[in-house]
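Spelled out, the chains give:
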Amino acid sequence: MEIQKPALAGTLESTDAQVSVEPFAHGIELSIESSVMNQYGRQIKATVLETLERLGVKNAKIVVIDKGALEFTLKARVECAVFRSVGTSEKNIPWGGLVK
Amino acid sequence: MISRPKPQKNRLRRTMMFMNAQKPGLIKDAYIYGSDSIILDLEDAVAENQKDAARFSLYHALKNIDYGNTEVIVRINGLDTPHWQEDIRCVVAGGADGIRIAKCESAKDVKLVEEHVLAAEREFGVEEGRTILMAALESPLGIMNAYEIVTASPRMFGCAISGGDFRKSMHVQIVKGGIEMLAARGQMLLAARAAGVQCFDTMFPNIDDMDGFQAEVMQNREMGFDGKSIVSPKQIRFVHETFAPTKKEIAYAEKLIRSFNEQADAGVGVYTVDGKMVDIPFFEDARRILALAKACGVYEENL
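Here the protein sequences come in this chain order: Y and L.
Numbered per this note's numbering, the first sequence spans residues 1 to 100.
Numbered per this note's numbering, the second sequence spans residues 1 to 303.
Chain Y on its own, in the form it takes in the complex (with noise of 0.2 Å):
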């Protein structure tokens, strides 16, 4: 998928995060922000980018602001961010398939 507009999902709540994504030319360029950074700062990069890798997005700049959630919350709100940057977020989600 290629990014093709900025979009913003999650919240700043406890237990979730907030992950912006925009179009950027040269690769991925992830910066994470996280109330648990010396814990899980490792984990929470490995799981952003296996979910780009798997969504097919190369070329992307990614902020994620990390409250703690736990991994299938860091996943699903990065995969509705790069859905609606493409503007396909509302319908024909591909689950279990690109989503999973």
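If you are wondering where the hints come from, they were derived from the structure by calculation, not from laboratory data.
Please read all numbers here as calculations on a predicted model, not as lab measurements.
From the three backbone atoms N, C-alpha and C, an ideal C-beta is built for every residue, glycine too.
One thing to keep in mind: the hints can contain errors.
Computed list of lysine to any residue pairs in SDA-like fashion (alpha-carbon distance at most 20 Å, straight line) [claimed, not checked]:
(1) L:Lys28 x Y:Ser35
(2) L:Lys168 x L:Asp44
(3) Y:Lys67 x L:Gly25
(4) L:Lys103 x L:Asp44
(5) Y:Lys67 x L:Gln50
Computed footprint of chain L on chain Y, listed as stretches where at least three residues anywhere in the stretch have a Cβ under 8 Å from a Cβ of chain L [as the list claims (entries may be wrong)]:
(6) 14-27
(7) 72-86
Starting from the structure of chain Y, add chain L where the hints point.
Below, chain L alone, put in the same frame as chain Y:
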């Protein structure tokens, strides 16, 4: 692959607790409170511009959280919105046990949902017929059509009245004693019992008014409801205690069943127990009470 056991139409549903499907902090441990069912809500709890995000969140929650014996129902958006079709795809693909149809008004509504559920089961390789349905009746028309609604599909396991919307359409407020919804509750109960499905009362919105809540729950039980929608874990315990058969009811049911077996062996159909006439319907009801007592964990014998 769906790891949850196949949903059962008939099971214990004393409490059905609403949870906002968009809030990860809520849904991640929804099952620990011990309500019989949880209702993950895609409808009123989720803002119009977050419906898509709620589905992503819901899908992963369904796939990742072990809800154990807690039944997982999802309330989908109304059929007059642009959201319900994708809601159904998400819910079926995620493997929820069932769907609560919001603002249901006719058999046609149920059949439309059923058609889309079946299509989603085929699309996502889910066993056909697995996903069960219930209707929320929120308008006078829904109540008038309760019987055709609950008999519209073999997937239907019950119906519930939604007090908020219903009272607005009737131009009434909550009244102590419940007279404002007496006719609607009664009519819905008749329809559900006639169809052999379960019947649930509306949630009680004022979480801090425990006296008002308890009075309503006791009335629910006296009227014959199977359970109640709830909005807070602190409402669970009282409902579970109130809907469980009392010691006295259990003792009487046991006595009936024992005496019935003796009388039947002797060729007697109608007779008296404790000075009251009893016959076969009493016996069937006694069986029901003991089964309910067992399910509620307050009875362990095998009669």
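Lys28 of chain L and Ser35 of chain Y: Cα distance at most 20 Å?
holds (19 Å)
Counting residues of the region 72-86 of chain Y with a beta carbon closer than 8 Å to any beta carbon of chain L, are there 3 or more?
With 9 residues close enough to chain L, the hint holds.
Verify this for me: three or more residues of the region 14-27 of chain Y with a beta carbon less than 8 Å from a beta carbon of chain L.
Per the Cβ count (3), the hint holds.
Given the hinted pair Lys103 of chain L and Asp44 of chain L, is their Cα-Cα distance within 20 Å?
Within the cut-off at roughly 11 Å; holds.
Compare the distance between the alpha carbons of Lys67 of chain Y and Gly25 of chain L with 20 Å, and conclude whether the hinted pair is satisfied.
holds (10 Å)
Hey, Lys67 of chain Y versus Gln50 of chain L, does the alpha-carbon distance stay inside 20 Å?
holds (19 Å)
So if I understand the rule, the pair passes when the alpha-carbon distance is 20 Å or less; does Lys168 of chain L with Asp44 of chain L pass?
holds (16 Å)
No hint from the list above goes unmet by this structure.
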